[in-house]
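Put chain F on the given structure of chain B with help from the hints.
Going down the list, the protein sequences come from chains B and F. full-length UniProt numbering numbers the first residue of the first sequence as 1 and each following residue consecutively. full-length UniProt numbering numbers the first residue of the second sequence as 1 and each following residue consecutively.
These are calculated hints, taken from the structure and not from any lab test. Here the structure is a predicted model, which is why all the values come from computation and not from measurement. All C-beta atoms in this analysis are idealised placements derived from N, C-alpha and C, irrespective of residue type, glycine included. Don't take every hint at face value.
For the chain B half of the interface with chain F, some residues (derived, Cβ under 10 Å), not all of them [said to hold, decoys possible]:
{"no.": "1", "residue": "G283"}
{"no.": "2", "residue": "R284"}
{"no.": "3", "residue": "T305"}
{"no.": "4", "residue": "A309"}
{"no.": "5", "residue": "R401"}
{"no.": "6", "residue": "I402"}
{"no.": "7", "residue": "P406"}
{"no.": "8", "residue": "P421"}
{"no.": "9", "residue": "R438"}
Now for the letters of each chain:
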Amino acid sequence: MTAMVGPTQGPEPHQEPGRDDDPQGREPGHGFGSDATELRRLHPVTPFLKGWKFVAVLVAIVGQQSFRGTTLRVLVAELAGVLVFGLVLGACSWWFTKYRIEGEDLRVDSGILFRRSRRVRIDRLQAVDIVRPVVARLLGVAELRLEVAGGAQTEAPLAYLSEHHAQRLRAELLARAAGLAADTPEAPERQLVAVPPSTLLASTIISAPFLVAALGFVVVAVTTSFVQQIAGVALLVPWALGGVGVVWRQFVSEYGFSVSESPDGLRIRKGLLDTWAQTVPPGRVQAVEIEQQLLWRPKGWVKLTVNVAGYAGRNTEGPTSSTLLPVAPWPVARALLQRVLPDVDVDRVPRVSAPRRARWLRPIGWRFLRYGSDEKVFVSEVGWLTRRIAVVPHAKMQSVRITQGPLQRALRLATVHVDTPVGPVDAVALHRSSDEARHIAEAQAELARHARKLAGPERWMRPPDSP
Amino acid sequence: MDSLFAPPGQRWQTVSPQLRALRRLILSVVLGVVGPLSAVLAGVLVAWWLAVVVLAVAVVVFAWGWWLIDRNWRSWGYAERGDDLLVTHGVLFRRLVVVPYGRMQFVDVTAGPLERRFGIAKVQLHTATPATEADIPGLTAAEAAGLRDRLAALGEARAAGL
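Same shape as in the complex, but just chain B:
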């Protein structure tokens, strides 16, 4: 179901569901930022942090103008003007941005000229992230991102809160989403996996993008040594920087990657300079992909990626926030997978290969096209250089599709897609025999129907019967 996000029509009567299980016997719902409190503002350092990016852009423009012979005094005046303007704008935006928890919703008011009051239903939370860019870390503040399904970007970012407040608000949101009292303390967590920096670095170096860059570098270097020095060096330097950049970005963003488990869900931490702490509540993972690059095979390394409804459609950080595990040996990844999808053993799911005639469409890859299904999950395999295994729990399937192109029809083949909310994982049984495809689809619809009945409650800590 799509989360309720949008403008509201005036204040709603406060709904206070009974919380008899309040451990400290306090008034229900009097947690941090709850109904009784005022609308809260973000941390006062916000305009400086946000204005900084704005100013940086304008400094560049002013810098360009200085080449056109503006005097130093004018330049300084311009810079000061821009700085003041940016800060005033940031301060106004800060002043008008307020939030609080109202009943079942988080309310965020913002906007200077065009006011917006947005309510996010807490029980529809798909993930809660605390993001701390490096500057924010120095100042002790953090951004809290609430991810809900159906949004094109992060629908309710709260940037910036003090670190302490961000953590408490996250704990409260998760407690409420789970159906517990608002002031339930943050759930204890247990670390499941930590990726050592050496493994991360090694895996990045033997990954395809870096190797292609390195190979290109060698080719260019050899060629130029025969031809002409100067032109070659001009080419080599940016090339080398680009290659190092790939490794560096990957390494910095996924440094110290760890996955922990708590009753709130999975907690993913990563980052050397900008740090991320993602929390994905139980049952919010829609699909998982196991990816193995060619050169990772001797080590048995795999990468795990997930579809979480809230992370969809995000362009800037899209791929990074969908990573469940950047690199780990298969037994470790498999153990983690069993935590994410309980009672599922991907290795045990029986697979069926694509028919031999699929080789006309995939001359080499046809051997690696497989699909399988048991009572819990649908599994599809594709790829011969980089192997990708997509795993979709039946309960998470949105729809099942059969498609058939003209070439496929001539070969009596068809493709079955198992649709999940948008994300990097794509579960497709490619090039199945057309007699089989309809059976796959029908069986899948039936399995999904059955699985939905047994699915857990959306508020994961509440028994299924209670509202």
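This is chain F only, laid out in the frame that chain B set:
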């Protein structure tokens, strides 16, 4: 006829012939304007024989389009089952989508001015993923409203969390 896109029951529910009529009208109007106009232009600017060629091409395209629209119209089909909706479509690239009612997020009924004139509407079923593509065009207004209400009721009854 292979069993891959066979209907679940006796036959597929078809869409209104008005959809075919509407598309043919659009085809006729477009070619009726573009054909003679380009023929005249060709005749004036180049030679009279080119005008004849252009007209001949327009007639061929018209006949081909007439036939294509029929084929495309025939390919549409849907079926309401106990727990899911099936929609099939396509001639060259065929597809069949099975959408469980419980996965439905919302249903749209849309009709443009021309469609309203022809008394037809399009029903669109949305799940949590845009990949689903369960649209049924060219239902009569009553059929569309009925289907929408049935789908909404079934969706409510069988709703499942994300």
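Now the hints, each set against the structure:
Interface hint at G283 (chain B): satisfied, since its Cβ lies 8 Å from the closest Cβ of chain F, which is below the 10 Å cut-off. Hint status for R284 (chain B) relative to chain F: holds, with the closest Cβ pair at about 8 Å, below 10 Å. Using the Cβ-Cβ criterion of 10 Å, the hint placing T305 (chain B) at the interface with chain F is not satisfied: the shortest such distance is roughly 16 Å. Checking A309 (chain B) against chain F: minimum C-beta separation of about 6 Å stays under 10 Å; hint holds.
Because the smallest distance between the Cβ of R401 (chain B) and any Cβ of chain F comes to about 5 Å, under 10 Å, the interface hint for this residue holds. At about 4 Å, the closest approach between the beta carbon of I402 (chain B) and any beta carbon in chain F falls short of 10 Å, and the interface hint on this residue holds. The interface hint given for P406 (chain B) is met, as the beta carbon of that residue sits about 5 Å from the closest beta carbon of chain F, less than 10 Å. Nearest Cβ of chain F to the Cβ of P421 (chain B): about 5 Å, under the 10 Å cut. The hint holds.
Interface hint status for R438 (chain B): upheld, as the beta-carbon distance to the closest one in chain F is roughly 5 Å, under 10 Å.
In this structure, the one hint that does not hold is number 3.
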